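So the sequence lines, in the order shown, correspond to chains A and B. Numbered as in the numbering used here, the first sequence ends at 417 without a single skipped number. Numbered as in the numbering used here, the second sequence ends at 766 without a single skipped number.
Among these hints, one or two may not hold up.
When the alpha-carbon atoms are kept at most 27 angstroms apart in a straight line, the in silico BS3-like pairs for lysine-lysine are as follows [what the hints assert, rightly or not]:
no.	chain 1	residue 1	chain 2	residue 2
1	A	178	A	354
2	B	664	B	676
3	A	257	A	196
4	B	724	A	34
5	A	329	A	257
6	B	741	A	34
Simulated from the structure, these hints should not be mistaken for laboratory data. In this text the structure is predicted, and so the values were computed from the model without any measurement.
Here is what each chain is made of, one letter per residue.
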Amino acid sequence: MPDWKAVVRERLAGLNLNGAREAEIVEELAQDLEDRYSELRVRGASESEAELLAREVLGQSELLAEELRRRDHPLFEPAGPLSGFRHDLRLAFRNMRARPAFSFLVIGMLALGIGGNAAIFSIFNGMFLRPLPFRESSRLVDLDETAPKWNLKYVGIANADFYAWRKQNSTFEAMAFFKQNDYNLSGFGGAQRIKAARVTRDMLEILGLQLVLGRNFSLYEDSPGGAKAILLGYDLWQRLFQGNRAALGRVVKLSGEPYAVIGVLPREAVFPDQAELWVPLGASPNESTGWYLNGIGRLKRGVSIEQARADLLRVHTTTSLNGNKVTSPIIAPLRDRASVVYNDASIIYKRWPTRRAFTTRVVFRAARYHPPGGVAETESRREWTWNP
Amino acid sequence: MATQALDRELKKGSAELLILSLIKGRARHGYEISKLIAARSEGTLTFQVASLYPLLYRLEGRGWIQGRWVEKAGERRRRFYRLTPVGRKMLAAQRRGWLQFAEAVRRITGIEYA
Chain A
30 MPDWKAVVRE RLAGLNLNGA REAEIVEELA QDLEDRYSEL RVRGASESEA
80 ELLAREVLGQ SELLAEELRR RDHPLFEPAG PLSGFRHDLR LAFRNMRARP
130 AFSFLVIGML ALGIGGNAAI FSIFNGMFLR PLPFRESSRL VDLDETAPKW
180 NLKYVGIANA DFYAWRKQNS TFEAMAFFKQ NDYNLSGFGG AQRIKAARVT
230 RDMLEILGLQ LVLGRNFSLY EDSPGGAKAI LLGYDLWQRL FQGNRAALGR
280 VVKLSGEPYA VIGVLPREAV FPDQAELWVP LGASPNESTG WYLNGIGRLK
330 RGVSIEQARA DLLRVHTTTS LNGNKVTSPI IAPLRDRASV VYNDASIIYK
380 RWPTRRAFTT RVVFRAARYH PPGGVAETES RREWTWNP
Chain B
653 MATQALDREL KKGSAELLIL SLIKGRARHG YEISKLIAAR SEGTLTFQVA
703 SLYPLLYRLE GRGWIQGRWV EKAGERRRRF YRLTPVGRKM LAAQRRGWLQ
753 FAEAVRRITG IEYA
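Just chain A, same shape as in the assembly:
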């Protein structure tokens, strides 16, 4: 009997088929020919006749080669879910190699376009879509006073108004007031300028934050002449004390005055903007001051902004604080007063070592006005940062 495998192998020569695959094809075709040959012999054909007829069945070697080549490099690919995509990908790479300069130009344009879109979306997302990083932030409102007579939309809140609003309102769960202050921090290898905020002790409750360490300001500490205490911001705690719990009780000097560290703020305490530590406001209800405070309030559940505004107006007009009614309260959702900061054309990002990748700064624009004799700061900016 002829060596049919050799016959088939001879026909497939030059096709450069995959070794294992070629062996399978050779075996299968050789078996077919052997079967035919054996059958012809059984029917009485001579060896040479049977071999001749079997070889004829193998057909034209060109046809076989062509069919197998097409099978190995098919024009028609099985219609798998990614077959078209793979083909497009191959074609794309081939074209890129053929015209590298044009390809780089296109890739560069695409990168610019995608980058621009991503930046615009980040701004939009920060401004309109992503909630502020505080518990039930939709109930948080910005408090201020307006003075149309002075042609000033925002003048800040006077000391007496803040106490009256807080005591007599019926629509707020809580209110907090603050003022941003800078201090010289000394005692840690040289003095450094620190941005801080003087806050009322309700601030933590309003924002719904839990301290990492320690306790909140006491009533005594948040009163005129109270004990000097501070809550360290998380970053400052890391920087000064390397995150050591022994920071509690330590005394730091702010502008020459000793303050005891009584707690550490969580990372989320990104309000007021850039404040690296909190100091108690320690304001007095009896002290007559200018309009110098910022306010934040948490509305009671189910209370609308309009209801809260009417309530504060009622309180405001029934009190005779400051001896005039040039100003009136103004309330806006915290989100509405927010806008993402642009540093000229670029967005400011501050890298944070947290699972949240970036910090977007939020700016609240406000006009500050101090009474005659005071200092006017028109269109100064209140800023704070949140970590989206």
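With chain A held as given, fit chain B onto it using these hints.
Just chain B, lined up with the frame of chain A:
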């Protein structure tokens, strides 16, 4: 000459349908398929090795049939082809198409089955 060309085209157009039909009920190897085609068509249709196997490989590549080497006691191992679920659907579609085509030809030519 023209008749031969028509025969060739008809055979080519029906080859897939024939193979799929033959392995619908049970798995068969290549030689068995070619023998069955010749026998059932009473010699009218025959496939050369050079046509049959590449066609089997092509159908396998499309996922319509699946070939598998089977070893039986006392026999050489053989590659048996069976219909896949996709192939079953394609067979049904080709059968419908072929019937419609034959019916259309019958209506035009008036050819009736014996």
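Checked hints:
no., hint, in the structure
1, 178(A) to 354(A), "10 angstroms, holds"
2, 664(B) to 676(B), "20 angstroms, holds"
3, 257(A) to 196(A), "25 angstroms, holds"
4, 724(B) to 34(A), "21 angstroms, holds"
5, 329(A) to 257(A), "32 angstroms, violated"
6, 741(B) to 34(A), "36 angstroms, violated"
In summary, the numbered hints that this structure violates are 5 and 6.
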